[in-house]
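*Asks:* Spelled out, the chains give:
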Amino acid sequence: MSDQASRVHRPKPESDKPRFSAIVLIYMREMRDQLRDRRTLFTIALLPIMLYPLVGTLLLQIAQFTRQHTTTVCIVGAEHIQDGPPLLKGIGFSDDYADSSSNLKLVLRGPDDLLENETVAGATTRWIQEGTFDAVVVFPPGFATPGSMPGSGVATVQVLYNVASDESQIALNRVTGILNDWKADWVGKSLQASGIDMAMLEPFQMEDFDVAPERTREAAFWSKMLPFIMLVWAMTGAFYPAIDLVAGEKERGTLETLLCSPALRSEIVWGKLGAVASFSMLTAVLNAGSMLVTSTFVFQQIGLGGGATVGAPPLIPMLWLFVALIPLSCLFSALALAVAAMARSSKEGQYYLMPLMMVTLPLVLLPMLPGMSLSPGTSLIPVTGMFLLVRSLVEGQYGDALMHLPFVFGVTAGCLWLAVTWAKRQFENEAVLFGGQDQWELGLWVKHLWRDRQPVATTAQAYACGAIILVALFFGKLAATSALGDLAGLTKMIVSQQLGLILAPALLMSVMLTTSIRSSLRLRWPHWLSMPMAIGLGITLHPLYLALGEWIEYTYPVSEDAMQAMLPFVEQIATLPWISVVFLMAFIPAVCEELAFRGFIFGGLVRQGGRLRAVVVTALLFGISHGFLQQSIAASCMGVLLGWIALRTGSVLPCMLIHFTNNALSVSISRLARSDLPGVELLFTRTQAGPVYQPLWFLLSIGFAMTFLFYFASLRSPVDESNPPELEPAADSSSMNSPTATA
Amino acid sequence: MIQVDQLIKTYDDLSRGRFVAVDQVSFSVGKGEIFGLLGPNGAGKTTVLRILSTVLAPSGGHASVAGYDVVKDPASVRRNIGFVSNNTAIYDRMTAWELVSYFGRLHGMPRKQLDTRLDLLFDQLRMNEFRDVPGGKMSTGMKQKVSIARAMVHDPPVLIFDEATLGLDVLVARNLLEVIRALRESGKCLIFSTHIMSEVQRLCDRIAIMHQGRILDIGTLKELQQRHEEDEFEELFFGLLSRFEDGQEGNWNEKVEFQPQIPDDGGASS
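Chains as they are written, first to last, in numbering that gives the first Met the number 0: chain A, 0 to 742; chain B, 0 to 269.
So here's chain A without its partners, still in its complex pose (with noise of 0.2 Å):
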């Protein structure tokens, strides 16, 4: 039975290798499809190509409008005005302060234009908000040179005005401008003549300098706004072609034609993958050529060329764009696919456009934060890396950029593996390639929750539990904010965290989804030796952990407030007493969140030959889980060693004495090395910072963990939890999807 599960599970990867010809062919074949289809070409090719002028033409039309526009100022109080140069001449402000040519319609207003029982303060309001005048100017009664105010106040001009209004804000600089001009011009002629020179009015002149070389000034802005308008474009480009090419077929029924042939998934997977990626650089290089072009062209006739930051882009460095567009596109490509592959129409497809663009879009966007530079933090990002090395490269950082390059291209290279991955798997699931549609019904679905239980979480439901658990602690934390104070306020913190959020959701899944408690979550007996070498990898490897989080923390610096933040806490922790320290900090936590992440969540993904998935999934979830980034970072790094060590052992257990280990030594170090136990200076040394591990035995204990991990390695699970031989491969496909059985 058991040999009958594993084989009957999933299609055995096919021996024969995807053949090159193939590829190509299938490649051909869907980029001529595509070529052929008016839709793909009109928002591919025709729309960037018309799309870009015609919104030039509407701003080149909107730039006259505002110049023609004349803006109408209204001065109450004319009369008021007794000293000083001329401001007005006739109807109209002097020309030594406005220039006669430009648009201003001035009308001047006095007593007699108010209403009954109407102030002017009233009046003037109503004007503005009612759009008489873009703005008015009041002179109050007795507007004279400084002094003769009575009270030897200064007296003050109210300029009204309507911050919702552009014309009306347009109006106020024009108003401002002009008064300043003239108020200046007032006070020269006031010191002139009371004999002061007017040179000493201006010790020294200013004039600043950009330094930056031409071509960083023009990039500047196109460095930022380009990869941004292209990488959206990328992302659109892909999408289309992507549904088109798999749900849309699906939809049509082609794609059943292609997969009885003999063209292997693989081959498919990599044709179509070309395709779509092919259409994806197509339309990002288009739009942006038609963008640069066209802005170019704007940016001319506005005027705003020559000195100013945004100049006509350099179009050479912008070569650079294109390294960056081709293995991002092919990310993009193979995320559509792999999302497009679960659609069963091309218009249930369009749905998933969204969230699609809402994971990838905050990782385009992040380099256009002000302050965000290459960095060996932010290298790290997917996609903003690249981003940010672009942005380099086209500022001709050329040193900067080489020293980042690998760690960008590794993670690109990963992010695109794990994507591609995805897409294979997609188009070997049937459940996905031939889900029925099978009308969902709330209460058929509670039912078949209950009636389908199974001994293990099924994916779904693992997936699930993770997003619960997040959501959970995500409003858990907002409402304690500062609940600590002592013991007891420590402890009512960690346990309603621990218990209530992470380990209550999979628990109570466990009880009411499976029907088993114990195998959901994964609490077997693992071989004995394999409990005391959990300990022994958690206490050796604790010297690297440390390390780890210092260079974290190096390269993604805590912020000075979060430091803060955290004083209380740490100085509270070195307070309590040291065993209720271990079980607050380290027992519990390693008890409630291995069962959830380790436990139940683990055991629902590694199903269906998911054990990448599993190990990588669990590991991010429990990394997000703990809320702040640096250690967010450093708990995803051992999730990945606390899943490997979950996978190789079928177990939870051995997880959770690594996890108590490690913690109750992070929080017990200091107690450690300040105690007078035997041996201790052989392990640590005292620094400023606190007592750190002996360099001798930090490598020492790297070479114990690596006989630790090689004894984990040559373990093998003693169940096959990847393919259970308890339950019928059929179950495992996704809940709701069964195949339309017509025959």
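No lab work stands behind these hints: they were computed from the structure.
Hints may contain errors.
Taking lysine-lysine pairs in the DSS-like style, the calculated list, with each CA pair at most 30 Å apart, reads [claimed, not checked]: (1) A:K16 x A:K88; (2) B:K111 x A:K423; (3) A:K16 x B:K111; (4) B:K30 x B:K71.
Based on these hints, arrange chain B on the given structure of chain A.
*Replies:* Just chain B, lined up with the frame of chain A:
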């Protein structure tokens, strides 16, 4: 050529729970034989044939085509079958010639051989007048002809027709049946599934009657008529189905006096 042994396929279904689409189905088909799979809609015929074409993986049991196991060596199986189904549509934006040629090249056929084969097929199936018409503009009959040409382009020893006459007018359907008969004459191994009894009667050498995922009986038309003492095929069919449904509460195999026979005609070697 085709061996099917205790084949099982189950799905999870929201309303029905674990649903057995194919329940321990066994049969075999030899060279130069047309095997008819007859059953109402939803009997599991398409699922069986999809497993044979390696598009679906079985949940249990074995199946082999031309000596290759559908699970262990799906690529070789696909190289040896031609599969025509109402689910295998043709591309809208490809002409008849392009489409058949595309699948021929996927089979790795050399250009020259492919061209001769295409000329022959287009003549045989009388497709020359629409060889440059794109799929989107074809009539149902034309599309079906293209599908058949697509399935036959690599001259496979095994051909599977799943509800192939569905939606065709009498003229085209008749034409198709003639093509299938001609294929039998050339020694091909053929499976023909349908829910139309007259087609089975006219065409098939042996018949399996399927209902609710099970094969109720297998045999030549004569054997079936003798076994159930019923000359009228339609009556025989309905009688079998209703007796099966009546016996559903108990165990079907105990209620009826026979076990479905699995004739071994030695055609499985390739």
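*Asks:* Hints first: check each against the structure and report whether it holds.
*Replies:* Hints, one by one, checked against the model:
1. A:K16 x A:K88: Roughly 89 Å separates the two Cα atoms, so the pair is violated.
2. B:K111 x A:K423: violated (33 Å)
3. A:K16 x B:K111: holds (25 Å)
4. B:K30 x B:K71: OK: B:K30 and B:K71 at ~23 Å, within 30 Å.
The structure does not agree with the numbered hints 1 and 2 stated previously, though it agrees with the rest.
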